[in-house]
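Participant: The chain contents come next:
There are 2 protein chains.
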Amino acid sequence: MALSYELIKECRVTGARAGMLHTPHGSLPTPVFMPVGTQATVKAMSPEEIKEIGARIILSNTYHLYLRPGHELVRDAGGLHRFMNWDRAILTDSGGFQVFSLGALRKIREEGVTFRSHLDGSEHFLDPEKVMEIQEALGADIIMAFDECAPYPADRAYIKDSLGRTTRWAERCQKAQTRKEQALFAIIQGGMYPDLRQESAKQLVSLDFPGYAVGGLSVGEPAELMYEMLTATVPLLPANKPRYLMGVGTADYLIGGVSRGIDMFDCVLPTRIARNGTVMTRRGYLTVRNAPSASDFRPLEEGCQCYACRNYSRAYIRHLIKANEIFGFRLTTCHNLYFLVHFMASIRESIMEGTFPDFYQEFIARFGREKEV
Amino acid sequence: MALSYELIKECRVTGARAGMLHTPHGSLPTPVFMPVGTQATVKAMSPEEIKEIGARIILSNTYHLYLRPGHELVRDAGGLHRFMNWDRAILTDSGGFQVFSLGALRKIREEGVTFRSHLDGSEHFLDPEKVMEIQEALGADIIMAFDECAPYPADRAYIKDSLGRTTRWAERCQKAQTRKEQALFAIIQGGMYPDLRQESAKQLVSLDFPGYAVGGLSVGEPAELMYEMLTATVPLLPANKPRYLMGVGTADYLIGGVSRGIDMFDCVLPTRIARNGTVMTRRGYLTVRNAPSASDFRPLEEGCQCYACRNYSRAYIRHLIKANEIFGFRLTTCHNLYFLVHFMASIRESIMEGTFPDFYQEFIARFGREKEV
Chain D
1 MALSYELIKE
11 CRVTGARAGM
21 LHTPHGSLPT
31 PVFMPVGTQA
41 TVKAMSPEEI
51 KEIGARIILS
61 NTYHLYLRPG
71 HELVRDAGGL
81 HRFMNWDRAI
91 LTDSGGFQVF
101 SLGALRKIRE
111 EGVTFRSHLD
121 GSEHFLDPEK
131 VMEIQEALGA
141 DIIMAFDECA
151 PYPADRAYIK
161 DSLGRTTRWA
171 ERCQKAQTRK
181 EQALFAIIQG
191 GMYPDLRQES
201 AKQLVSLDFP
211 GYAVGGLSVG
221 EPAELMYEML
231 TATVPLLPAN
241 KPRYLMGVGT
251 ADYLIGGVSR
261 GIDMFDCVLP
271 TRIARNGTVM
281 TRRGYLTVRN
291 APSASDFRPL
301 EEGCQCYACR
311 NYSRAYIRHL
321 IKANEIFGFR
331 LTTCHNLYFL
341 VHFMASIRES
351 IMEGTFPDFY
361 QEFIARFGRE
371 KEV
Chain A
1 MALSYELIKE
11 CRVTGARAGM
21 LHTPHGSLPT
31 PVFMPVGTQA
41 TVKAMSPEEI
51 KEIGARIILS
61 NTYHLYLRPG
71 HELVRDAGGL
81 HRFMNWDRAI
91 LTDSGGFQVF
101 SLGALRKIRE
111 EGVTFRSHLD
121 GSEHFLDPEK
131 VMEIQEALGA
141 DIIMAFDECA
151 PYPADRAYIK
161 DSLGRTTRWA
171 ERCQKAQTRK
181 EQALFAIIQG
191 GMYPDLRQES
201 AKQLVSLDFP
211 GYAVGGLSVG
221 EPAELMYEML
231 TATVPLLPAN
241 KPRYLMGVGT
251 ADYLIGGVSR
261 GIDMFDCVLP
271 TRIARNGTVM
281 TRRGYLTVRN
291 APSASDFRPL
301 EEGCQCYACR
311 NYSRAYIRHL
321 IKANEIFGFR
331 LTTCHNLYFL
341 VHFMASIRES
351 IMEGTFPDFY
361 QEFIARFGRE
371 KEV
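Top to bottom, those sequences are chains D and A.
Here our numbering is used: position 231 in the first sequence is 231, and no number is missing along the way.
Here our numbering is used: position 95 in the second sequence is 95, and no number is missing along the way.
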């Protein structure tokens, strides 16, 4: 069996649920935040550090690895796990989001997508069959069906057309799959139209995938709209399959997603803002790069047990970031990933103890979106 | 006692010697290569990684830390050891080399040097007393007297004048010193004139410093000229004090320096070329960034026990470097520092076993300067 999801406990008030995801590279508690290793490395970190933080699954990117170093090379290296020295679970996305983000550089047809590389302008063609070939060469535990991530905003007619194509592409991916030890997840689209989200979900659920992702959200829409889409979609998904909300990685969206029944999340934001000198804390964001940290000898977050907080001051980390020193980026990245992984663990604990609604309320009272501490 | 040097074994053929340097932050075997942490961090590395590599002393830069984050801040943080979380020995240079490298941006008088910051163009004045104040605030175990590192080439009259000033400045540093737990080393100058090198050495030795550095070498002169200067100078230095050749960090210069009686070395080269994708091996240099490494699944160096070589292929490291990924810079830096630290340990072992001359001959036969493997 490639993958199984074990539902362990459900919140009686919200949609939150605690589970275990069993993969060929180990089991992991859900809900879970997956650090992103776009180019076969979680930026600035070693695999050992990612493990020390507590992460049991990471994400990597089909689009990037296809272009560089090439999926055949990764296959020849023994697959992505061996290439990057990571023996825990990996999920590869389908490249859909990256390709559609290229804007004028890509052209979509029923058959597939023609696009130009962001690296050298070379022309490429990706279709469901090719995306499966690439992901099979990479060899992740969880792979994603090729989908169209429509722009936001987009009109209803376009979205309706697009979600049908995403379903047909998902079916083509399913048929093209040859390595049964990989779990192929489908991606629900449907823009900001609840009924189209439901239509997409129904079509894909009828094809019986081992897991479902919700794509095309957190693309600039208000939080309420994202939550409305989740509320419309998640109840249609089978309870015995994992549910993955793509591209979400702020504390408020994570807890908001969990309360609506999501099990898995990923986002580049925590690692990206880290390299810009901003860290996440239980009380909001701290831009350690800024002047107030210059002679502040406290850790990034009092009480945090991450490597950065146990050993270094804000003053030192600010100095490193200002001086463009790699070790500064390592420390802020370490903190942010530790923060999110442990935040998810706290959420799970509250679900197990039956106190998730209180946990959520307490969080909302303390943490405002993008609040500076 | 701030520092002591214990001479353990001398080579009977060359000037090579094995010793132990005892500092307030631990003892370390010599000859030793000191990784450079210019801005209070060895670029790309954590202190734990530097320890794992086997380094027991690192160097940091007075000039850089004075400008950013400022020596008072480091003092307020509890000194450099605590600021950067490094509990082994530290040597800070005097800033002389950096200030004199500024060229048109600095002006030298007997009193001191006026210069403009490379960061923001602000004007600063450094003299021996100020340099001592800064280095006392930083709190390294070994500190360096403020010297004039004259340009190469330079005419004899200028060098003669300059080395006299360097001696007078060294004496002013000695008088300004208040923290007796720090060992103040003097820096021998004298350009490429053997008799002026000897004059500088005699003047400084008469002032009785706990250690002596040879400065102003490896500045573009041929290897033979550098060796000629060492041969003229080192025999004048007391046998019971450590001798430090500044700014030297290639395998051939290290072994050449050791054979002429040098105990300590530092250089940014191994970490700098690492970040450009070049690594040091027992057989020469490997530019892992280049195409031949693209699908080479061997380690950087067969048989090397460093973290990079134990876990990653050239293909993976090349991919990371090409993709500008921090983890790639970490791996090449780790390898180069491990290589040099262990190279020095091998040299020491051969001195202890009385086989250093054979070791040197075997090295010369195998390793050409800047040879590509």
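It is possible that part of the hints are untrue.
20 Å max Cα-Cα, derived DMTMM-like pairs, lysine to aspartate or glutamate [unchecked claim]:
id, chain 1, residue 1, chain 2, residue 2
1, A, K175, A, D120
2, D, K322, A, E52
3, D, K175, D, E224
4, D, K51, A, E48
5, A, K51, D, E133
6, D, K51, A, E52
The set of hints was computed from the structure by calculation and includes no laboratory data.
Participant: To test your reading of the hints: which numbers does this structure violate?
Facilitator: Of the numbered hints, 1, 2, 3, 5 do not hold.
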